[in-house]
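Participant: Order-wise, the sequence lines are chains R and F. Positions 1 to 222 (UniProt numbering) are the ones given, in order, by the first sequence. Positions 1 to 802 (UniProt numbering) are the ones given, in order, by the second sequence.
What the hints contain is simulated information worked out from the structure, not anything from laboratory work. Mixed in with the good hints there might be a few duds.
What the hints assert, rightly or not - In silico SDA-like links for lysine to any residue, alpha-carbon gap of 20 angstroms or less: (1) K99(R) x G66(F); (2) K282(F) x A268(F); (3) K169(R) x T140(R); (4) K99(R) x S332(F); (5) K42(R) x H23(R); (6) K318(F) x R210(R); (7) K787(F) x S332(F); (8) K99(R) x L257(F).
Said to hold, decoys possible - Sample of chain F residues with no beta-carbon within 10 angstroms of chain R, all distances over it, derived: (9) T44; (10) W185; (11) S338; (12) N611; (13) K715.
Here the structure is a predicted model, which means the values were calculated and not measured. Backbone N, C-alpha and C define an ideal beta-carbon position, used for all residues, glycine too.
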Amino acid sequence: MLLVEDNDELAETIIDRLRAEGHSVDRERDGNEANELLRHFKFDLVLLDVNLPGRSGYDLLRSLRARTDDTPVIILTARSQIDDRVLGLDAGADDYMVKPVDFRELSARCRVLARRRAGSASNIFSAGTLSFDRAAKRATINGQDAQLRAREIQLLEIMLDNIGRMLTKEEVADHLYTFSEAPSMNAVEQIVTRLRRKLDGTPLVIKTARGLGYMAYLADDE
Amino acid sequence: MMNERQSHSLQRRLLATMAVGFALLLVLISALLWTYAQAAANRTQDLLLAGAALAILDRVSVRTNGATVDLPNSAMDILSLNPVDRVKYRVFVPGQREITGTRDLPAAGDLTPSIEPVFYDSVYRGSVFRFVLQGRQINTPEGRTWVAVQVGQTVEQRTAQQRSFFTTGLAGLAVLSLIGLGFVWVAIRTSLAPLRQIALDLARREPGDLALVEGVPPREIKGLFDAINGFIIRLRRSRTLTETFIADVAHQTRTSLSAMQGHLSLAADAKDPNQMRTRLIKADRQAQRTVRLTNQLLANAMVIHRSDKASLQPLALKPLVRDILGESLRDSQMRAVSLSFNDDDLAVGTDVIAGDEVSIGEALRNLIENAVRHGPVDNTVMITLASDESRVRLSVEDAGPGIAETDMARATDRFTSLSDYTKGSGLGLSIVKAVAEGHGADLKLGRSSLGGLNVTLIFQRLAVLVLLLAGVLVEPEPAAAQTLLIHSATDPPAMRPLVESFENRNPGVKVNYVEFQTLSLYQSVLQPDTARQPDVVISSAMDLQVDLVNRGLARRIKVTPENAPPDWAVWRSELFGFTFEPAVVVYDRREISSEELPLSHRDLASFVRSNEDRFRGRIGTYNIRQAGIGYLYATQDSLQGPQALRLFEVLGRAGLRTFCCTADMVAAMSNGEIAFVFNAIGSYASHYAAESPYLGLHFFDDYNLVMSRTAFVPKTSTNPVVAAQFIRFLLSEEGQRIISEQTPLLPLLPVANPKSAIEREIENRRGTFLPIRLTPGLLTFLDDLKKQDFLSGWDMSLGYAP
Numbered sequence: 001m002l003l004v005e006d007n008d009e010l011a012e013t014i015i016d017r018l019r020a021e022g023h024s025v026d027r028e029r030d031g032n033e034a035n036e037l038l039r040h041f042k043f044d045l046v047l048l049d050v051n052l053p054g055r056s057g058y059d060l061l062r063s064l065r066a067r068t069d070d071t072p073v074i075i076l077t078a079r080s081q082i083d084d085r086v087l088g089l090d091a092g093a094d095d096y097m098v099k100p101v102d103f104r105e106l107s108a109r110c111r112v113l114a115r116r117r118a119g120s121a122s123n124i125f126s127a128g129t130l131s132f133d134r135a136a137k138r139a140t141i142n143g144q145d146a147q148l149r150a151r152e153i154q155l156l157e158i159m160l161d162n163i164g165r166m167l168t169k170e171e172v173a174d175h176l177y178t179f180s181e182a183p184s185m186n187a188v189e190q191i192v193t194r195l196r197r198k199l200d201g202t203p204l205v206i207k208t209a210r211g212l213g214y215m216a217y218l219a220d221d222e
Numbered sequence: 001m002m003n004e005r006q007s008h009s010l011q012r013r014l015l016a017t018m019a020v021g022f023a024l025l026l027v028l029i030s031a032l033l034w035t036y037a038q039a040a041a042n043r044t045q046d047l048l049l050a051g052a053a054l055a056i057l058d059r060v061s062v063r064t065n066g067a068t069v070d071l072p073n074s075a076m077d078i079l080s081l082n083p084v085d086r087v088k089y090r091v092f093v094p095g096q097r098e099i100t101g102t103r104d105l106p107a108a109g110d111l112t113p114s115i116e117p118v119f120y121d122s123v124y125r126g127s128v129f130r131f132v133l134q135g136r137q138i139n140t141p142e143g144r145t146w147v148a149v150q151v152g153q154t155v156e157q158r159t160a161q162q163r164s165f166f167t168t169g170l171a172g173l174a175v176l177s178l179i180g181l182g183f184v185w186v187a188i189r190t191s192l193a194p195l196r197q198i199a200l201d202l203a204r205r206e207p208g209d210l211a212l213v214e215g216v217p218p219r220e221i222k223g224l225f226d227a228i229n230g231f232i233i234r235l236r237r238s239r240t241l242t243e244t245f246i247a248d249v250a251h252q253t254r255t256s257l258s259a260m261q262g263h264l265s266l267a268a269d270a271k272d273p274n275q276m277r278t279r280l281i282k283a284d285r286q287a288q289r290t291v292r293l294t295n296q297l298l299a300n301a302m303v304i305h306r307s308d309k310a311s312l313q314p315l316a317l318k319p320l321v322r323d324i325l326g327e328s329l330r331d332s333q334m335r336a337v338s339l340s341f342n343d344d345d346l347a348v349g350t351d352v353i354a355g356d357e358v359s360i361g362e363a364l365r366n367l368i369e370n371a372v373r374h375g376p377v378d379n380t381v382m383i384t385l386a387s388d389e390s391r392v393r394l395s396v397e398d399a400g401p402g403i404a405e406t407d408m409a410r411a412t413d414r415f416t417s418l419s420d421y422t423k424g425s426g427l428g429l430s431i432v433k434a435v436a437e438g439h440g441a442d443l444k445l446g447r448s449s450l451g452g453l454n455v456t457l458i459f460q461r462l463a464v465l466v467l468l469l470a471g472v473l474v475e476p477e478p479a480a481a482q483t484l485l486i487h488s489a490t491d492p493p494a495m496r497p498l499v500e501s502f503e504n505r506n507p508g509v510k511v512n513y514v515e516f517q518t519l520s521l522y523q524s525v526l527q528p529d530t531a532r533q534p535d536v537v538i539s540s541a542m543d544l545q546v547d548l549v550n551r552g553l554a555r556r557i558k559v560t561p562e563n564a565p566p567d568w569a570v571w572r573s574e575l576f577g578f579t580f581e582p583a584v585v586v587y588d589r590r591e592i593s594s595e596e597l598p599l600s601h602r603d604l605a606s607f608v609r610s611n612e613d614r615f616r617g618r619i620g621t622y623n624i625r626q627a628g629i630g631y632l633y634a635t636q637d638s639l640q641g642p643q644a645l646r647l648f649e650v651l652g653r654a655g656l657r658t659f660c661c662t663a664d665m666v667a668a669m670s671n672g673e674i675a676f677v678f679n680a681i682g683s684y685a686s687h688y689a690a691e692s693p694y695l696g697l698h699f700f701d702d703y704n705l706v707m708s709r710t711a712f713v714p715k716t717s718t719n720p721v722v723a724a725q726f727i728r729f730l731l732s733e734e735g736q737r738i739i740s741e742q743t744p745l746l747p748l749l750p751v752a753n754p755k756s757a758i759e760r761e762i763e764n765r766r767g768t769f770l771p772i773r774l775t776p777g778l779l780t781f782l783d784d785l786k787k788q789d790f791l792s793g794w795d796m797s798l799g800y801a802p
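Just need the whole structure built from these sequences, with the hints factored in.
Facilitator: Structure, rendered in structure tokens:
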């Protein structure tokens, strides 16, 4: 992964932390140079500071997305006004954190993004005892078929694509049902409940926030 | 800081109060002024009406068949002094019979005629008229009887005059009031000087200077003065508190940092790795606390700063709350917390308040963080949005330990909360309180049904105004080609160049020109058949045209001052003359030499009398029963004095021959049947004279009557805009040039370089031309009795048997 951060002290601690977790981390100090680097090399994840010499983090992110590069990006900023958050997400950031950053939180968010990317990029997703083959539309727990129905497979796919991201019930229903089918919110709830029961014991947790929606995360990330 | 929008100026308020006083006074005076103006305007009009009524009454006489009247021209002339208003009159024997005039004029209630004139306003055919009613007793064969005269005039001039009296008077008063207000202004400035002194004192101060304002204020502002000083004292106290707060903050931060530093130094010096780890864990915990403290202090500062800026905007709470909750859920600390959002009691669209997105977001985030941080790991947090008619409630409840009832009041206190930090109500709640204050919202702390704390913010809803824009439907202009229908008593060839030129200038307009005789045109306008009504009526019979306009049948037309005809050729901005056509003598050069031509009307009488045999049966003029223009010339001649009547007698004795029209007279002259024509229309005559070498034209030296062809747009016109354009075109420089150059008619205004012989002749004799004025005076000879009298007098002069 790539860390773009001009403060040496902070950069050093972040790099040490991430390396200790087994990631390989490159670091860039200057916005323009980081942009050049991203032009030629592919990274799994970019941690991006906003206030940079040369070129601001937002500009860098925008030119990255303009090249249709979908490398996951977490923005690090010292400012916490909502405008900053909106600006960052609008520019195409996947997540957003305010300094001073809690390292445990940072690692957790990195893992979520890595998972999400892995979940959508490769055909086989596996976490702990759970394994899901996208091509075959088949989920196994401890090597045994999880006996999921078609709708539950669909839901699992949606949840894996959006790990760490909150989905409203309506969004889930839109994915599950075609335009001509009348989606029922009760049915969505039932499918979620069934899937959750079947995934019991695996690290994948589907959390319900009443009135808001659902969010999937992996318990072993903690 | 005072809110700018709410601030008002004392000076302005005082001035406004005075202005209202002056305005009330003005209203009172203007009511009096209005009554006075009305009386004055009435008096002016009544004088004219009374004069006209008297003039008519004077001419009431008795004949064999009872009372009759010879309508005097003077009556109409008096009324014509008012250049605007239409005229009605009626002469009748009360309760018995009508003598002449308009029969259906409204009577004044049960008024009986008396010798004294009685004035009253009444409505006749949709217009307000001022009437006078006056009577006179006369002796008839049947005995003494009353004859009443009723004369009426529309009140347009009176209304204008009244308005003008009124506005002039009012303008004077208004100026006086303004000057008065000026004095008031000066007085206020002077008495407010002490206030400015205080303002100056405060403005010059350094921000830190909290000394009391010195001086002895006037009694009236002593309260303000004391209040300012009281405020300064409170500000000092508040500053002390702030200083305490900063000291407290400094203390907390520094203590926190020292502790961390201490743990770190100990860790660095530790020999035993286990001991070192313990120290480091403590340092890390201390660092987390310091970070949170700093974050909250910054958030607090930001919220306070933003509430100062009054940056409130219409804001929908629901999307904002959902966004923030969604964001909070990403935090890995929230994994075990059960978070729910309840908007069951929020009707759609009722969540809009005047708010600052950033501040409210910060408050909500702090409340959630508080709940999570101070509650158990598997805490339950419920956020509720609900609305009623005027308010929106935002509650955050949790199942944590909550705050003891006794501490509730102190929980949000900014200056004391820090000491309670470790117990749970930290700066978080004081941030929420600051946000609530910044939004004018209520902050309520209570016990939640979940077991923990319930923090509720109650905002005032923003009424969403739905502006119903009245759909203004603009009706499309009719796309069909526009036809302008002209009914005219003028030869089509004379008008053709004008019509064609108008059509060329207005593409899409087609003119339909229909020719009439003057009388039949008059009758067709009075009694319209079902066919389409004309858009323009043109006639040479000025009296008949005035009569039509006097009946209120014409539409007003705006003409630019540079194209406006001279006064005599326009009436009420409704009837416009556009030609200049003098009466002329046409003579046969073979019969009469230019030397013996008479110079005046009187000379003409002598000339004919002394050559009676030579001209017997060889003098021509219009048949005034058939030709409206002949009647007009003859009646106008009769007004010039008794010599005109003598002339008619002389002409009659010489066997005057009468014709229907100029063309016939000219034809008779070419045949040698007649030697000269009296009162021919100059324009046509000059046209014929130009073609025939032996036709001569002759003007008199005393006076020459001038007729003008007139045009008006009837109210029934279906195409009034184009019709008005046509009339403006007739009067325009271009129209007048075409009349001069391309038609036999003569232009109303003198041309720069007269080309035709008659134009040059007219130019040489400018002073002798007597234009017939377009006024109600022309109505005199349209009176039935008057007309009968005149025609029978004419017949008698000409020797016809009555």
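Participant: Look at each hint and say if it fits the structure.
Facilitator: Each hint, compared with the structure:
no. : hint              : in the structure
1   : K99(R) x G66(F)   : violated, 119 angstroms
2   : K282(F) x A268(F) : holds, 13 angstroms
3   : K169(R) x T140(R) : violated, 26 angstroms
4   : K99(R) x S332(F)  : holds, 16 angstroms
5   : K42(R) x H23(R)   : holds, 15 angstroms
6   : K318(F) x R210(R) : holds, 15 angstroms
7   : K787(F) x S332(F) : violated, 113 angstroms
8   : K99(R) x L257(F)  : holds, 18 angstroms
9   : T44               : holds, 75 angstroms
10  : W185              : holds, 48 angstroms
11  : S338              : violated, 8 angstroms
12  : N611              : holds, 112 angstroms
13  : K715              : holds, 65 angstroms
Of the numbered hints given earlier, the model fails hints 1, 3, 7, 11; all others are met.
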